[in-house]
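J.: Here are the chains, one letter per residue:
There are 2 protein chains.
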Amino acid sequence: MSLHITELDCADLRFPTSAESDGSDAMNPDPDYSAAYVIVRTSDPEQSGHGFVFTIGRGNEVQSAAIQALAPHLVGMDLDTVLAEMGETSRRLVHDSQLRWLGPEKGVMHMAIGAVINALWDLKARRAGLPLWQLLAEMSPEELVELVDFRYLTDALTREEALTILTDAEPGRAERIEQLRAGGYPAYTTTPGWLGYSDEKLARLSREAVADGFSQIKLKVGGNLADDQRRMAIARAAVGPDVRIAVDANQRWDVPDAIAWMNALATHQPYWIEEPTSPDDILGHAAIRQAISTPVATGEHVHNRVMFKQLLQADALDFVQIDATRVAGVNENIAILLLARKYGKPVCPHAGGVGLCELVQHLSMFDFVAVSGSMQDRVIEYVDHLHEHFATPAVIRDGRYLVPSTPGSSAEIVPLTRQRFRFPDGEEWSDR
Amino acid sequence: MSLHITELDCADLRFPTSAESDGSDAMNPDPDYSAAYVIVRTSDPEQSGHGFVFTIGRGNEVQSAAIQALAPHLVGMDLDTVLAEMGETSRRLVHDSQLRWLGPEKGVMHMAIGAVINALWDLKARRAGLPLWQLLAEMSPEELVELVDFRYLTDALTREEALTILTDAEPGRAERIEQLRAGGYPAYTTTPGWLGYSDEKLARLSREAVADGFSQIKLKVGGNLADDQRRMAIARAAVGPDVRIAVDANQRWDVPDAIAWMNALATHQPYWIEEPTSPDDILGHAAIRQAISTPVATGEHVHNRVMFKQLLQADALDFVQIDATRVAGVNENIAILLLARKYGKPVCPHAGGVGLCELVQHLSMFDFVAVSGSMQDRVIEYVDHLHEHFATPAVIRDGRYLVPSTPGSSAEIVPLTRQRFRFPDGEEWSDR
Numbered sequence: 005m006s007l008h009i010t011e012l013d014c015a016d017l018r019f020p021t022s023a024e025s026d027g028s029d030a031m032n033p034d035p036d037y038s039a040a041y042v043i044v045r046t047s048d049p050e051q052s053g054h055g056f057v058f059t060i061g062r063g064n065e066v067q068s069a070a071i072q073a074l075a076p077h078l079v080g081m082d083l084d085t086v087l088a089e090m091g092e093t094s095r096r097l098v099h100d101s102q103l104r105w106l107g108p109e110k111g112v113m114h115m116a117i118g119a120v121i122n123a124l125w126d127l128k129a130r131r132a133g134l135p136l137w138q139l140l141a142e143m144s145p146e147e148l149v150e151l152v153d154f155r156y157l158t159d160a161l162t163r164e165e166a167l168t169i170l171t172d173a174e175p176g177r178a179e180r181i182e183q184l185r186a187g188g189y190p191a192y193t194t195t196p197g198w199l200g201y202s203d204e205k206l207a208r209l210s211r212e213a214v215a216d217g218f219s220q221i222k223l224k225v226g227g228n229l230a231d232d233q234r235r236m237a238i239a240r241a242a243v244g245p246d247v248r249i250a251v252d253a254n255q256r257w258d259v260p261d262a263i264a265w266m267n268a269l270a271t272h273q274p275y276w277i278e279e280p281t282s283p284d285d286i287l288g289h290a291a292i293r294q295a296i297s298t299p300v301a302t303g304e305h306v307h308n309r310v311m312f313k314q315l316l317q318a319d320a321l322d323f324v325q326i327d328a329t330r331v332a333g334v335n336e337n338i339a340i341l342l343l344a345r346k347y348g349k350p351v352c353p354h355a356g357g358v359g360l361c362e363l364v365q366h367l368s369m370f371d372f373v374a375v376s377g378s379m380q381d382r383v384i385e386y387v388d389h390l391h392e393h394f395a396t397p398a399v400i401r402d403g404r405y406l407v408p409s410t411p412g413s414s415a416e417i418v419p420l421t422r423q424r425f426r427f428p429d430g431e432e433w434s435d436r
Numbered sequence: 005m006s007l008h009i010t011e012l013d014c015a016d017l018r019f020p021t022s023a024e025s026d027g028s029d030a031m032n033p034d035p036d037y038s039a040a041y042v043i044v045r046t047s048d049p050e051q052s053g054h055g056f057v058f059t060i061g062r063g064n065e066v067q068s069a070a071i072q073a074l075a076p077h078l079v080g081m082d083l084d085t086v087l088a089e090m091g092e093t094s095r096r097l098v099h100d101s102q103l104r105w106l107g108p109e110k111g112v113m114h115m116a117i118g119a120v121i122n123a124l125w126d127l128k129a130r131r132a133g134l135p136l137w138q139l140l141a142e143m144s145p146e147e148l149v150e151l152v153d154f155r156y157l158t159d160a161l162t163r164e165e166a167l168t169i170l171t172d173a174e175p176g177r178a179e180r181i182e183q184l185r186a187g188g189y190p191a192y193t194t195t196p197g198w199l200g201y202s203d204e205k206l207a208r209l210s211r212e213a214v215a216d217g218f219s220q221i222k223l224k225v226g227g228n229l230a231d232d233q234r235r236m237a238i239a240r241a242a243v244g245p246d247v248r249i250a251v252d253a254n255q256r257w258d259v260p261d262a263i264a265w266m267n268a269l270a271t272h273q274p275y276w277i278e279e280p281t282s283p284d285d286i287l288g289h290a291a292i293r294q295a296i297s298t299p300v301a302t303g304e305h306v307h308n309r310v311m312f313k314q315l316l317q318a319d320a321l322d323f324v325q326i327d328a329t330r331v332a333g334v335n336e337n338i339a340i341l342l343l344a345r346k347y348g349k350p351v352c353p354h355a356g357g358v359g360l361c362e363l364v365q366h367l368s369m370f371d372f373v374a375v376s377g378s379m380q381d382r383v384i385e386y387v388d389h390l391h392e393h394f395a396t397p398a399v400i401r402d403g404r405y406l407v408p409s410t411p412g413s414s415a416e417i418v419p420l421t422r423q424r425f426r427f428p429d430g431e432e433w434s435d436r
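So the protein lines, in turn, are chains A and B.
To convert a position in the first sequence, counted from 1, into our numbering, add 4.
To convert a position in the second sequence, counted from 1, into our numbering, add 4.
FYI, nobody ran anything at the bench for these hints, they're computed from the structure.
For each residue, glycine too, the CB sits at the ideal point set by N, CA and C.
Relax, there's no trap hidden among the hints.
A few chain B positions that, by computed beta-carbon distances, are all more than 12 Å from chain A: (1) Ala173; (2) Glu212; (3) Arg234; (4) Asp322; (5) Lys346; (6) Gln380; (7) Gln423.
So the derived list for chain A, only partly shown, Cβ under 8 Å to chain B, looks like this: (8) Asp34; (9) Ile60; (10) Gly61; (11) Val66; (12) Ala70; (13) Asp100; (14) Ser101; (15) Trp105; (16) Leu106; (17) Tyr156; (18) Thr158; (19) Ser282; (20) Ile286; (21) Val310; (22) Gln314.
Bound-form chain A, shown alone:
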């Protein structure tokens, strides 16, 4: 008997991370890491898919309401049809003419669509008995381009070009899958570098990062220049000359400030400067990149493929930082991976938060197998927070993500956490 979708079961989950300054940076002094969580339930209680939007606290209830607004598009639909045509399913949600007005293709509504699409991919991978990266990596080039919405991309990437990229990457897929299974995928860690941490904690966590096998760490900057210089010197002393130190301003600066500040930090040779200014400022990123010696990275707040297209067209960045829950899910991220490949830029995903490590590892591994075919200059962010709440947490060994093997997208938060951290009535919050 065929199954149908019965419910988008939404939950507002929040973690009181602000109590420890975990996640603190120049723009986000006191985040409470949160997930607007959705379970796509079906007429078979054993078959459901999990997805979420990562937020940092207030407004998580608005994000949940946006996810709920998508229920009429899916509830009652035949599950096989929805999952068999994930390109069409995605386009139907993204291009709903009335909901589109609330973006278009940006912000709360777009992220809600991303959560639901990701939950459907989780379910599709579970049903296939495969981890998501492998499900995607074993799809044909023709099936993969069908997932992509080329609207607004064709001046930079046509369907035919995308097909060529994917076809050219077909030879060697099996070898690269073996390579992933044997050696995992390189990571870097942001754990030492939160702005609210003391110098002692920074030094200690930096040393631990090296001992744990990481060859790249990242520090938050942009609060105060003298502090940033001191903190970079402390970190450099702790990690030695060969470990890369990236820095992240979290959108703190205007264009002239970014240029002046990064020129002042240049002697410390930062590996990249992340989010030097507004994520909307394509021309600003291009101007900054022209004026400084440090490579530029951005993307965690870049809201859709049209913005990534322009960042690449304008040669405004060196590293493409995709995010698993900012854009409209797996489908739009495949478009962005293809754009990055077309323009020859490495993808180094944003992670951390709640479950972003879990989700995004699948996209990088898929990229390695079936799109770029390369790990050169590519690293996935890793932050050692909140993984204990996931049914199948990301696993790091010697500074590398191990390959997920459990069927699905690794999105599932365990039931006990979903109960305890539910806002505002779960016991973690009602006790406060």
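Following the hints, complete the assembly by docking chain B onto the known chain A.
T.: Frame of chain A; chain B shown alone:
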């Protein structure tokens, strides 16, 4: 005794406009014009401010939830303080670090902030006993720059440059106020041109528009090229050679399609092409503008001042189409008016929808008095829909907006409408 804010009273109001194809275009076939409506209530029941976000139906409940999420920032606050420091009030909402994650500065959360800021301006103007345009037009240059958030703008417009623009425009303010009172502000009409209207209705409404004194009309295009050519010919025959016919593609095209389509329509000499592609595509608009002979207009979906800054820096448009409820309210629109003045581009606001005519007339009139000092090449859109629901509807005579004289921002929807069109329980909906 001093007053304080007691409540953000939100309502989901929807009008069943899709039944008549009113508002139909190439991307929005069946809008139900809606307002996520907010009344900022105070400890004096006689003193409240009205604002809203215009949406086109589904998702209006998400927009309402986002407005409600702002209540903790305002409820309990001293009203005099909030209204005396509207620059600071605006920045406190826009830069809430946790809510900002949901944009940043875009989409549902940003529009919600706009509605609340606009409601506060409505209240401030009511208390001053002045229509909003006049309240703004009588503020000093120093007070006006204090309203603007220059973050991310300083590579294009500094506070000092803005101050110079406003100071240079001070002489003649009184004369221009008199000029406005005597002759109003020029309008154009979109009433004839909805895509769902028959050829006969298009011709009849086009003739009526000329008879009503309009010297510019606008047609929706982008569904089918042969239809667009036929419809432009019908409209041209109806209005004669001297009335401008602008066209609007509502984001229908990719960049290459926009160029080809507009070159095919060029013989009909459209006055402008509006929204030829994604509103996010700054470089795409610049490429289209370079390749066609028709001037380019955009802005109703441009989500913040950073995007307008770049459209101007990239010389990507000829007409700046501000929208009263897309960005973060009056304050951010003042920033955009200043940017347009700096780059020498005329502002021709988007209107229509629900109450957009009512709101945006204040911004154009303020611009004329205190910023650009000019009506040259400037027109405010007008659509003859839904004005009957407003307490002080926009008034058009001989193709011009008459100057609003009632205190406030003209945002107030009458109580009976707020009751009847409340979704889904108002009688207009519960009867369906």
